[in-house]
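Peer 1: Sequence:
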Amino acid sequence: MRRAVLPGSFDPITNGHCDIIKRALPLFDEIIVAIGVNSDKKYMFSLEERKHFIEETFKDEPKIKVATYEGLTTDFCFKVDAQFILRGLRNPADFEFEKAIAHTNRFLTKLETVFLLTAASTSFISSSIVRDVIRNKGDYSKLVPSTVKL
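Mapped onto the UniProt record's numbering, the consecutive letters of the sequence shown carry residue numbers 1 to 150.
Because the hints were derived from the structure by calculation, they are not lab data. There's no promise every hint is true.
Derived DSSO-like pairs (lysine-lysine); straight-line CA-CA distance at most 30 Å [claimed, not checked]:
| hint | residue 1 | residue 2 |
| --- | --- | --- |
| 1 | 110 | 79 |
| 2 | 99 | 22 |
| 3 | 41 | 51 |
| 4 | 51 | 149 |
| 5 | 99 | 110 |
| 6 | 65 | 149 |
| 7 | 65 | 42 |
| 8 | 59 | 149 |
| 9 | 110 | 22 |
| 10 | 59 | 42 |
| 11 | 137 | 63 |
| 12 | 79 | 137 |
| 13 | 65 | 142 |
| 14 | 149 | 42 |
| 15 | 63 | 110 |
| 16 | 79 | 51 |
| 17 | 142 | 79 |
| 18 | 63 | 51 |
| 19 | 59 | 41 |
| 20 | 110 | 137 |
| 21 | 137 | 149 |
Let the sequences and hints guide you as you build the complete structure.
Peer 2: Here it is as structure tokens:
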């Protein structure tokens, strides 16, 4: 089975994340959307809310699972028997950052990272931008799946 882990905080999941997940479906037998837990980070949405948003968004897609984890992404990948880490790239800065992590992961663990470029229509969306729109009482509905609600 070709299993990939898409790690992130998903605070909240965006249409950009959804685009990457949907386009990756033909590449893998299973995709685990893995919500990383970092006790030092302050989240806008609780872990339960973030997990619920993703589960509801993909409730009709049996190839997508949702899980939470603490610690290293590579350790989680071994725990769930995933051979790939899936990441989306929006811009050159994302590439440089993700490339360093991918090289480190492959050097230390032999796990492969698969990159997909975001669609032009969603490449400007980030969770931090969505949170800023929400904080300022803007209309965030075009940036996230309909399951994301305050």
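Peer 1: Each hint: holds or not?
Peer 2: Against the structure, the hints:
Of the pairs offered as hints, the one joining residue 110 and residue 79 holds, with about 15 Å between alpha carbons and a cut-off of 30 Å not exceeded. Note on residue 99 and residue 22: the hinted pairing holds, with a Cα-Cα distance of about 22 Å set against a maximum of 30 Å. Between residue 41 and residue 51 the alpha-carbon distance is near 17 Å, which keeps this suggested pair within the 30 Å criterion. Taking the CA atoms of residue 51 and residue 149, the gap is about 13 Å. The hint holds against a cut of 30 Å.
Simply put, residue 99 and residue 110 have alpha-carbon atoms about 14 Å apart, close enough for the 30 Å limit, and the pair holds. Using a Cα cut-off of 30 Å, the hinted pair residue 65 and residue 149 holds, with the two alpha carbons roughly 21 Å apart. About 25 Å separates the Cα atoms of residue 65 and residue 42, which keeps this hinted pair within 30 Å; it holds. Using a Cα cut-off of 30 Å, the hinted pair residue 59 and residue 149 holds, with the two alpha carbons roughly 16 Å apart.
A C-alpha spacing of about 26 Å is found between residue 110 and residue 22, which places the hinted pair at or below 30 Å, so the restraint holds. Taking the CA atoms of residue 59 and residue 42, the gap is near 27 Å; set against the 30 Å cutoff, the hint holds. Under the criterion of a C-alpha separation no larger than 30 Å, the hint pairing residue 137 with residue 63 is inconsistent with the structure, at around 35 Å. Distance check on the hinted pair: residue 79 and residue 137 sit about 40 Å apart at the alpha-carbon level, beyond 30 Å; violated.
Between the alpha carbons of residue 65 and residue 142 the distance comes to roughly 24 Å, so the proposed pair stays at or under 30 Å and holds. The suggested pairing of residue 149 with residue 42 holds, with an alpha-carbon distance near 19 Å, which does not exceed 30 Å. Restraint check for residue 63 and residue 110: the C-alpha separation of about 24 Å stays at or below 30 Å, so the hint holds. Restraint check for residue 79 and residue 51: the C-alpha separation of about 19 Å stays at or below 30 Å, so the hint holds.
Distance restraint check for residue 142 and residue 79: the Cα-Cα separation of roughly 35 Å exceeds the 30 Å cut-off, and the hinted pair is therefore not satisfied. At most 30 Å may separate the alpha-carbon atoms for a hinted pair to count; residue 63 and residue 51 meet this at roughly 16 Å. Only pairs whose Cα atoms come within 30 Å are accepted, and residue 59 paired with residue 41 is accepted, the gap being roughly 28 Å. Proximity of residue 110 to residue 137 is assessed by CA-CA distance (about 44 Å); at most 30 Å being required, the pair is judged violated.
Annotation: proposed proximity of residue 137 to residue 149 holds, straight-line Cα distance about 13 Å (limit 30 Å).
Violated hints, in rising order: 11, 12, 17 and 20; the structure is consistent with all others.
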